[in-house]
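A.B. asks: Residues per chain are reported as follows:
Protein chains: 4
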Amino acid sequence: MIIVMKGGTTTAQVEEVSKRLEEIGYMVNPIFGVERTVIGAVGCSEHEKIDAMEQLRGYEGVEDVILITKPYKFVAKEYKGGKAAVDVGGLLIGGDEIVMMAGPCTVESEEQLFATAERVAKAGAKVLRGGAYKPCTSPYSFQGMGVEGLRLLKAAGKQFGLKVITEVMHVRKVEEVAEYADILQIGTRNMQNYDLLREVGQSRTPAMLKRGMTAKLEEWLLAAEYIASGGNEKIILCERGIRTFEPYTRNTLDLSAVPALNSLTHLPVVVDPSQGTGRRDLIAPMSKASVAVGADGLIIEVHPNPDHAIKDGAQSITIESFETLMPELELIANAVGRSLKSVVTA
Amino acid sequence: MIIVMKGGTTTAQVEEVSKRLEEIGYMVNPIFGVERTVIGAVGCSEHEKIDAMEQLRGYEGVEDVILITKPYKFVAKEYKGGKAAVDVGGLLIGGDEIVMMAGPCTVESEEQLFATAERVAKAGAKVLRGGAYKPCTSPYSFQGMGVEGLRLLKAAGKQFGLKVITEVMHVRKVEEVAEYADILQIGTRNMQNYDLLREVGQSRTPAMLKRGMTAKLEEWLLAAEYIASGGNEKIILCERGIRTFEPYTRNTLDLSAVPALNSLTHLPVVVDPSQGTGRRDLIAPMSKASVAVGADGLIIEVHPNPDHAIKDGAQSITIESFETLMPELELIANAVGRSLKSVVTA
Amino acid sequence: MIIVMKGGTTTAQVEEVSKRLEEIGYMVNPIFGVERTVIGAVGCSEHEKIDAMEQLRGYEGVEDVILITKPYKFVAKEYKGGKAAVDVGGLLIGGDEIVMMAGPCTVESEEQLFATAERVAKAGAKVLRGGAYKPCTSPYSFQGMGVEGLRLLKAAGKQFGLKVITEVMHVRKVEEVAEYADILQIGTRNMQNYDLLREVGQSRTPAMLKRGMTAKLEEWLLAAEYIASGGNEKIILCERGIRTFEPYTRNTLDLSAVPALNSLTHLPVVVDPSQGTGRRDLIAPMSKASVAVGADGLIIEVHPNPDHAIKDGAQSITIESFETLMPELELIANAVGRSLKSVVTA
Amino acid sequence: MIIVMKGGTTTAQVEEVSKRLEEIGYMVNPIFGVERTVIGAVGCSEHEKIDAMEQLRGYEGVEDVILITKPYKFVAKEYKGGKAAVDVGGLLIGGDEIVMMAGPCTVESEEQLFATAERVAKAGAKVLRGGAYKPCTSPYSFQGMGVEGLRLLKAAGKQFGLKVITEVMHVRKVEEVAEYADILQIGTRNMQNYDLLREVGQSRTPAMLKRGMTAKLEEWLLAAEYIASGGNEKIILCERGIRTFEPYTRNTLDLSAVPALNSLTHLPVVVDPSQGTGRRDLIAPMSKASVAVGADGLIIEVHPNPDHAIKDGAQSITIESFETLMPELELIANAVGRSLKSVVTA
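So the protein sequences, as listed, match chains A, B, C and D.
In this text, residue positions in the first sequence follow my numbering: the first is 139, and each later residue adds one.
In this text, residue positions in the second sequence follow my numbering: the first is 139, and each later residue adds one.
In this text, residue positions in the third sequence follow my numbering: the first is 139, and each later residue adds one.
In this text, residue positions in the fourth sequence follow my numbering: the first is 139, and each later residue adds one.
One or more of the hints may lead you astray.
Just so you know, same-sequence chains aren't split out, so a pair can sit in one copy or run between any two.
Stated by the list, open to error - Simulated pairs of lysine to any residue, SDA-like, Cα-Cα distance not exceeding 20 Å: (1) Lys449 to Glu160; (2) Lys354 to Arg388; (3) Lys208 to Ser276; (4) Lys211 to Lys221; (5) Lys157 to Val142.
Everything labelled a hint here was simulated from the structure, so no lab data went into it.
Let the sequences and hints guide you as you build the complete structure.
C.D. replies: Printed below as a string of structure tokens:
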């Protein structure tokens, strides 16, 4: 059972409701968000629940009492009555237009970043990606340029009219990253880092939640629910491949997740064919397939010189390849009744 | 090392070569095909191999001696110098046109089959699918109508101008099935049934080899090589999903396999979104993605009344849905520079 | 619903029952075994089933009519009221004693086989393993010595008092292999080769069914049911590892399958730590774990000189290692209340 | 390349070395630990590395310069020249004795915890487990008693002479948990939460790192290296099952990981058969197998009344079952030359 409290509820009111729930026999879990407080309550029989619902609706500060069958509420499609776009400072993700995100795996230098940003913007990308804090399997790998990388991202975004997305890994740095980025990316390794999810749930900055390497769709949606239940409903999901036995590709990109999510949740779904395949030559065909299957956007690693990239050059395409790909994707977008502007006249 | 013998080689010539190879120290494996004999030889050092090659080229009946690095030869892309179409009685699979295969999971009755065949043909399908011998996880399940099912398939194909594809499961029935079918389907469970692969390798009828539930790309290509090394090079590959941890879909359709195979082999690649997802609502979007990613065809389960299908109704679409899907696929085919004729004027 | 017919039933009686079932609305699947005929019937509502059961019990030749909830019957634990041993010519598998099977992956020569057989017999092995027909991923690999290998196996078994187990891959060679072997092994790639399972079901020779690389426990038991429903109930299951993402081992040996099967089926369960790990250094510890977890036997690849083995040397241990391992296993067998005779005084 | 700085190195010295590395062309990543500073450096050719090594050895504050082939150093077996025990306040984990950890999944009440602690201690357990902060797939589940749970754990541990292990999930609560616990558990979802790993690396409290659901052995060891490179070398690994396609068990317990790790790392390895199987009836046989395969300890969920447990009752055994299991495990421990004291006379 979920008790949604009204905006501006006092702590005393939440305690009052919690106390009553515990008397009835529930285990209680209040989630204090920025915009609202939600109380999760588990452990009673169906019969007792019905009684409790009736009682609790009358309590002060209670807005709604919900018996849930699906284990998530705020990310369920029913909650918004259909697909809903996320507004990133005026850019809609999940609307008619398919949104292209592009940029280097890792921010390496001003030169590298600005050269890439300028040309992907001209080719029609709307969001600049780039890692400033990098999650590395080895502690001895280069961990990113940190705040200097963030500054470069913000500057490049501003200069070329791009929104900025970058990964946040540290609970204590969510605010810092949000100063520079328009979208906070939560990486695959942190999909069930609940500490971080809660912290991002307290932020006002839109978040893109990547699927865990081995996450079932329901687990992924519950991870998104962690963020949403804290009050941050601006969530974008990103399919980035799951781990299987196949060694040819780095991961197995699960494109069926896109239409599946489209029927389960209102959240927009973006596909990452770079991480999803780990192979440069598969990025273009899988990008086309992603548009055809119903993705709301793509995030692609683009590097001026992939063979000299510090990280993940094997899964980055050149700027020229990106420029070639864009009009091809536009044709497919049109074939499925969506738009994607491949040439920008600014 | 592979020694390809000339057409019309005598057994004595093969033995002569084999004897010499064994003297050098090789383990020898001759494959007697209809059109040619191929001798596999393993176990010597690189140095000895070079010597042996020189010697063997001079033997009677020897056409070619090949040192292989890729473990397959006849299915490798290099063998045909690029993608190559398979000719199924005049219908090209792997050419410019994307070939649609449709029909019921299982042949249930003349009425069911003919009703389906007529309308999928009108909607643009070129091949009729239907199971006469069914591989069933349980020995107590309905195992198909057998030869009566084959007769119905052939009759329906003839009446509506469709080629026929159906599964062959029994080594002793390859010839029987080939009398009725234009394409022999080898199912996922039999991908490494080498006994059956060899038997189909002796046939002149084109074969469609489904990917094993857990087969790596290389294993799949080596299974195809079993058929090709017997002399039957008319092979079509069919991606039908791999087994993963995700319970939402029956399998995880690995669309990245399509462009990967397009760079490894000349064989055409077909996608099965019915088996690949196990969910009716995912068939249309995954069909679109398959066309976009570069598939040469689709095989879809279509049933006049899926909810009353004996088998796999959950992964069959209605005839009406198929008719709706075809022009949508045509748009995407055109967007990727292929053709797919969705309306047939006959 | 399963209708078990009495021994000596006539075809006419089976047809009579089948006709009646079809009239009621069932899809019918009769399985004619050596010792009995079983009729599978599916497709009616529960209500109709009850009626049909009453009627059919009265038919001539009908021994029993069973409504099944578990999808298998003859291999279910309830069928024998507990675990049951399989008698292989006087050797009990699944009894108090843990049975050791050992020998080379592939029969290479008389010298290699006899040297191995003599010493593993002295160390306490009861069954000699060795491949005469080898399932090879590549058609160009050495496919085994064939019938010459079978002859050597039988001779070595006779000389050293060992039963013989070897793989059967070809539907048409089940009888041939059964002339030489005491146990017919069905390999992992053929676990769902129903053609072969049915053929082995018609044999009187005990069979060992290896788990498919990606088979769920229920699918494995249903594959065993294919054999049992044909009348051959002497089935041994062999856990040999499943395919996962972990590259360190060739497969992931699923030891939890052993106690799970011990609660689901009466069939004995053997573990193959050679195939299950693919690494020589893991065979001893995983053998110990197998005995501790409740396995009825082990099948281990042993080679006089693993580094020169034609196949799978990396997963074979030396004869000396086997001799060292046996008394260690005996200690653990005793610790779990089983016996394993590690020193044979002959 | 890894540069290990001497204890007491100044920041200036680290910067000096880093600057030189960057001049040569390296990407530099210094890790400031409590006891030492380590500098990871990547990106140069082998030739340049050799030169750099020679130079850097002469720098002030540099203790050692290591060229690594294995990607981890401090957790590699070579680092300690063999297996090494971790000392937890006088209790050795990884020594001759197999250490039993037992207790409820979640701390629910003083009564529940103390009743369990008293009897598992008497039966021979040395460590009390219990969740105070629970990682929950759903944000609405009960998230644990928090600090009140920690207090109860510490009190119960003190009263019955048990060390305490409990999970730490929050970067900001590592110190708090370390006040109450003797071992900090890092759960499967946080295995690649590098933020948390670094924080635990700064602690002096021993840590137990559970394997990620889908982690390869190398990734797991690199996660441990994150902790070790921060200066906390008291690390215990815990195999808890990996995610596969098999639905019968919650996870597939990969026991081959135990001997594999025993040959790769000096760290002790503990097995969790509760999480690893998710089934009460499989805990006893898999515990026996774990001891036989070479585990240094077991962590088992024990509850006075598993059917009324708040969480994971299905994978908890009763106190009585634990008491029965202990002497059975002792027999196997002895059979593999280890000790495990199943009856404590205090």
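A.B. asks: For each hint, tell me whether it holds in the structure or not.
C.D. replies: Against the structure, the hints:
1. Lys449 to Glu160: Answer is between: at 17 Å across copies they meet the 20 Å cutoff, but 51 Å inside does not.
2. Lys354 to Arg388: both (18 Å within a copy, 13 Å between copies)
3. Lys208 to Ser276: Close across copies (11 Å), not inside one copy (38 Å); limit 20 Å.
4. Lys211 to Lys221: within (14 Å within a copy, 48 Å between copies)
5. Lys157 to Val142: within (16 Å within a copy, 55 Å between copies)
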